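Trainee: Below, each chain spelled out in residue letters.
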Amino acid sequence: MNLVRIGNVIAAELDKLRTLPAATLTALGTILTGILLAAALAAADQHVEATATTVTLRSVPFVQVGFVLLGILPMAHEYTGRQIRVTLSAIPRRSILLAGKITATALTLVLTAAVTGAASTAAAALTLRSLGAFREMTADDLWHLAGTTCYLTLIGLISHAAAVLVRHLIPALVSVLGLILILSPLLAGLTEHARWLPDRAAAQVYDPHDTMLTAGTGLLVALAWIVLIAATGATRFIRRDP
Amino acid sequence: MRPFNTVAAELRKATTLPAVWAGIAVALFGSAAITLINAFSTRAALDAGHPEARAFTSPFETAFAAMPLGTVGAVVIGVVIFSSEYTAHSVEVGGGRQITATLAAIPHRHTVLAAKATVTILLVVILAAITMPVTVGIARLVIGSAGAETVPLDDAVERCLGGAVYWALTGLIALAITVLTRSGIIPLIVLIVSNSLVSVSLLLTNLTPLAHWLPDMAGRRLFGGLHTVEGGLDALPGALVMTGWAILLLTIAAVVLRRRDA
Numbered sequence: 001m002n003l004v005r006i007g008n009v010i011a012a013e014l015d016k017l018r019t020l021p022a023a024t025l026t027a028l029g030t031i032l033t034g035i036l037l038a039a040a041l042a043a044a045d046q047h048v049e050a051t052a053t054t055v056t057l058r059s060v061p062f063v064q065v066g067f068v069l070l071g072i073l074p075m076a077h078e079y080t081g082r083q084i085r086v087t088l089s090a091i092p093r094r095s096i097l098l099a100g101k102i103t104a105t106a107l108t109l110v111l112t113a114a115v116t117g118a119a120s121t122a123a124a125a126l127t128l129r130s131l132g133a134f135r136e137m138t139a140d141d142l143w144h145l146a147g148t149t150c151y152l153t154l155i156g157l158i159s160h161a162a163a164v165l166v167r168h169l170i171p172a173l174v175s176v177l178g179l180i181l182i183l184s185p186l187l188a189g190l191t192e193h194a195r196w197l198p199d200r201a202a203a204q205v206y207d208p209h210d211t212m213l214t215a216g217t218g219l220l221v222a223l224a225w226i227v228l229i230a231a232t233g234a235t236r237f238i239r240r241d242p
Numbered sequence: 001m002r003p004f005n006t007v008a009a010e011l012r013k014a015t016t017l018p019a020v021w022a023g024i025a026v027a028l029f030g031s032a033a034i035t036l037i038n039a040f041s042t043r044a045a046l047d048a049g050h051p052e053a054r055a056f057t058s059p060f061e062t063a064f065a066a067m068p069l070g071t072v073g074a075v076v077i078g079v080v081i082f083s084s085e086y087t088a089h090s091v092e093v094g095g096g097r098q099i100t101a102t103l104a105a106i107p108h109r110h111t112v113l114a115a116k117a118t119v120t121i122l123l124v125v126i127l128a129a130i131t132m133p134v135t136v137g138i139a140r141l142v143i144g145s146a147g148a149e150t151v152p153l154d155d156a157v158e159r160c161l162g163g164a165v166y167w168a169l170t171g172l173i174a175l176a177i178t179v180l181t182r183s184g185i186i187p188l189i190v191l192i193v194s195n196s197l198v199s200v201s202l203l204l205t206n207l208t209p210l211a212h213w214l215p216d217m218a219g220r221r222l223f224g225g226l227h228t229v230e231g232g233l234d235a236l237p238g239a240l241v242m243t244g245w246a247i248l249l250l251t252i253a254a255v256v257l258r259r260r261d262a
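Line by line, the protein sequences give chains A and B. Heads up: the first sequence runs through residues 1 to 242, numbered per this note's numbering. Heads up: the second sequence runs through residues 1 to 262, numbered per this note's numbering.
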């Protein structure tokens, strides 16, 4: 019974996301940005032994912005009008609603991340080939691409958790973007403890360079952050007036 | 009297927006916190006798490393001063938008935009006048006499003024883009990204030197010192180019605001 129920909730939430112009545009815009950036980076990097994978990895810090927005929109759009009341009237069990929403968002994020990674790699490979600088890819490259998909999904989920916590679009957008683009690089230059920040830990998944965290432990640290932020947000969502 | 009243009204509206105070808090407390961490690690390196472990030991440079957070604050102020006009009210109070009330009170749209621009500049300049001395003061207190100040006073004042100009121009550009998009999403993303280490315009300079003429690349030498990248425009021409961008975008915003339905 409950399984059917949550399946319906996920389907409903996916339907809402598909018909939300902002979400569709963000997903398409992110994929397009990834393609353009990969082509531009490939053209800039053609002389430095770049492969399609290294170019795609270099574009990740830029395209992650799209995933921040894609993670925030599913929650924030509920609060821009009266949507949240309709949603809660349809699904009064708030924990099930939240579980369905997080699952639907995660599915959307994984799909967009996989398409972005594949499309960026294809664009980089085509650009390198047309410039005569193409190098064969190896099995390692595939793992790196799986890592970028995982990282971009994690960034999206961190943003989604932040949106569950603060509800509204602008505060969520500013705090997540400020954290991953401004605060985290600043702190990384100041102290080695910055490795424990959610985005730094998650980055180990596609670019393991830390002396302490590995891809696996980095993933766990990032997941711990997501659970912590989402659990705080969920408590608030379940206990307070909408 | 009329323009003054309009500015006073817009100032009141801006200072009663929680988001404006959030932007101010990000800039002020965020910069202060970064400066504290930075200054304590500089102090620790100096006390341990390893000043070479730090990129710089001067209190002023230590404080100035936190400047990007102030830019985020300026962007937030510039964006929400206009995006708040387009946010729908709750259904209980009619579901309208602030912009209709604003334009009913002040039908001359250029006056509204000019007043909002004035308020943006005013708030950002006040923010800079508080944040910069506070962060430099924190750095001096923590580092104390251990680190020699390598930045002379007139240089420091010049860079603070340059930083304040950069913040104000960024706030104005944020305001202008928000008028065009009627929502805060695009200006927030574009301007926070362009002031971070993954700046798209920085990336574009690898492809074409023309990218040095984009607003954020043109203005970056206003901060002086560490934040500079090879090549590009000097401080003064860069400031003029950035001002040109702000004026251009505000002009487009004024034309669009005037001709479009609210």
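Calculated directly from the structure, the hints in this document are not laboratory data. Nothing here was measured: the structure is a model prediction, and the numbers come from that model. Watch out, some of these pointers could steer you wrong.
Here's a subset of chain A near chain B, in silico, CB distances under 7 Å, partners left out [as the list claims (entries may be wrong)]:
#1 44
#2 82
#3 86
#4 182
#5 186
#6 190
#7 223
#8 227
Covered stretches of chain A, going by a simulated chain B footprint (3 or more residues, C-beta under 8 Å) [said to hold, decoys possible]:
#9 46-57
#10 69-81
#11 172-180
A virtual CB, placed ideally from N, CA and C, is assigned to each residue, including glycine.
Trainee: Evaluate each hint against the coordinates.
Mentor: Consistency of the hints with the structure:
Residue-level restraint check for residue 44 of chain A holds (minimum Cβ-Cβ distance to chain B is 4 Å; threshold 7 Å). A distance limit of 7 Å between C-beta atoms decides the matter here; for residue 82 of chain A the minimum to chain B is near 5 Å, and the interface restraint holds. Hint status for residue 86 of chain A relative to chain B: violated, with the closest Cβ pair at about 12 Å, above 7 Å. Hint status for residue 182 of chain A relative to chain B: holds, with the closest Cβ pair at about 5 Å, below 7 Å.
For residue 186 of chain A, the interface hint holds, the least distance from its beta-carbon to any beta-carbon of chain B being 6 Å, beneath 7 Å. Annotation: residue 190 of chain A was flagged as interfacial toward chain B, and the flag holds, the nearest CB pair being 5 Å apart, inside 7 Å. Of the supplied interface hints, the one on residue 223 of chain A is violated, with its beta-carbon coming no nearer than about 24 Å to a beta-carbon of chain B, more than 7 Å. With 7 Å as the threshold, the beta carbon of residue 227 of chain A stays out of range of chain B, its nearest partner Cβ sitting at about 25 Å, so the hint is violated.
With 0 residues bearing a CB less than 8 Å from a CB of chain B, the region 46-57 of chain A misses the requirement of three and the coverage assertion fails. Counting residues of the region 69-81 of chain A whose CB lies closer than 8 Å to any CB of chain B gives 3, which reaches the minimum of 3, so the coverage claim holds. Coverage of the region 172-180 of chain A by chain B holds [criterion: at least 3 residues with CB-CB distance below 8 Å; count 4].
Checked against the numbered hints given earlier, the structure breaks hints 3, 7, 8, 9 and satisfies all the rest.
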